[in-house]
Amino acid sequence: MQTGEKLVVLLGGESEEREVSLRSGKAIAKALRQLGHTLDEFDWHPNRLTDFLSRGYEKVFIALHGGSGENGSVQSLLDLAGIPYTGCRMRPASVTMDKHLTKVIVRAKTNVPVPECRAMPAPKALARLSQSAGGRWDDIIDAIGLPLVAKPASNGSSIGVSLVFEEAALDEAVEKAAVCLEDHIMFEQYIKEYELTVALLDGKAMGVCQIIPHNAFYDYEAKYIRDDTQYLTPSSLGEDFDLRLCEMAETVAEALSCTDGIVRIDFLADADKKAYFLEVNTVPGMTEKSLVPMIARQAGFSFESLCAMILATAR
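First residue of the sequence shown: 57, per the numbering used here; consecutive thereafter.
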């Protein structure tokens, strides 16, 4: 139904996830137009701030993944301008963009299990590559064990992520994870068996999706390129497990103040079905391969209905 508000979908952006954001934003815009909304699509970049503000938008649907669109910068701008927008507020968006800090907070404020991890500034990690090869990663391996996962602390879409089975492969993994020199590199305990995610709307779980990638883990290729990744919603682990995971996700969302709009919280579970919190996505993907729309469909909501519900949470 047409609201009369001057509505815009923010998409694109300047991060490594730009292409995924363009696909998300265009899918959202198409769905909202089918519902009768008149709207613009604005390809965001910080240097287009004056242009954006001059257009007089009255409501913003944020479809930006990573970068200034998911780290709280755009949210802060919209707060200052008094423009209602979808999704998490500035502070939780900023905090959850840092995967290591997010884990520290979840470990401190909840009883939800968190994988063992260590973080190191990217320049410091890269500097180790010039040291003698023997033992330069001993402290990391002693703390985490092998295999482990090396990844940027503040990136999404599995960009820069490596699964490391032996010490000799850590150098290459660190170079791959150094996507941004201002970022930290995380070394994280590898939890093998099940990859799962929960979609939440205004802090309430909509359901669980289990991801079964053909690759060793759910990497960028498995998410956006391959067509052999399997998705099970509900999961294969049983109704009781899914209910517990939804409760854990709601606990995490509350602890991190991620209770506005749509949020996706990722988990891993071991062979004993012990679930571990992995990360929060405050602007989750909304492409044809994205997990939130899959979960919404299982819950009985079309993609158009999902977009309408998210838009209705804008404030």
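Just so you know, these hints were derived from the structure itself, not from any lab.
Just so it is clear, CB atoms sit at the ideal spot from N, CA and C, and this is done for glycine as well.
Misleading hints may appear alongside valid ones.
[Said to hold, decoys possible] Distance windows between CB atoms, simulated:
no.: 1; residue 1: D99; residue 2: E228; range: 30 to 38 Å
no.: 2; residue 1: M365; residue 2: A225; range: 13 to 21 Å
no.: 3; residue 1: K232; residue 2: Q286; range: 25 to 33 Å
no.: 4; residue 1: A183; residue 2: S358; range: 50 to 58 Å
no.: 5; residue 1: E231; residue 2: R104; range: 31 to 39 Å
[As the list claims (entries may be wrong)] Calculated lysine-lysine pairs in the BS3-like style (CA-CA distance at most 25 Å, straight line):
no.: 6; residue 1: K115; residue 2: K62
no.: 7; residue 1: K86; residue 2: K345
no.: 8; residue 1: K232; residue 2: K248
no.: 9; residue 1: K345; residue 2: K248
no.: 10; residue 1: K62; residue 2: K82
no.: 11; residue 1: K248; residue 2: K82
no.: 12; residue 1: K248; residue 2: K180
no.: 13; residue 1: K86; residue 2: K62
no.: 14; residue 1: K165; residue 2: K330
no.: 15; residue 1: K165; residue 2: K62
no.: 16; residue 1: K165; residue 2: K86
Checked hints:
1. D99 - E228: 30 to 38 Å: holds (34 Å)
2. M365 - A225: 13 to 21 Å: violated (44 Å)
3. K232 - Q286: 25 to 33 Å: holds (26 Å)
4. A183 - S358: 50 to 58 Å: holds (51 Å)
5. E231 - R104: 31 to 39 Å: holds (32 Å)
6. K115 - K62: holds (6 Å)
7. K86 - K345: holds (16 Å)
8. K232 - K248: Roughly 22 Å separates the two Cα atoms, so the pair holds.
9. K345 - K248: Measuring from Cα to Cα gives roughly 23 Å; hence the hint holds.
10. K62 - K82: Judged against 25 Å, a Cα distance of about 17 Å means the pair holds.
11. K248 - K82: violated (35 Å)
12. K248 - K180: Given pair K248, K180 is violated - Cα atoms ~29 Å apart, limit 25 Å.
13. K86 - K62: holds (16 Å)
14. K165 - K330: Given pair K165, K330 holds - Cα atoms ~19 Å apart, limit 25 Å.
15. K165 - K62: This hinted pair is violated, its Cα atoms lying about 40 Å apart.
16. K165 - K86: Violated - the C-alpha atoms of K86 and K165 are around 40 Å apart, more than 25 Å.
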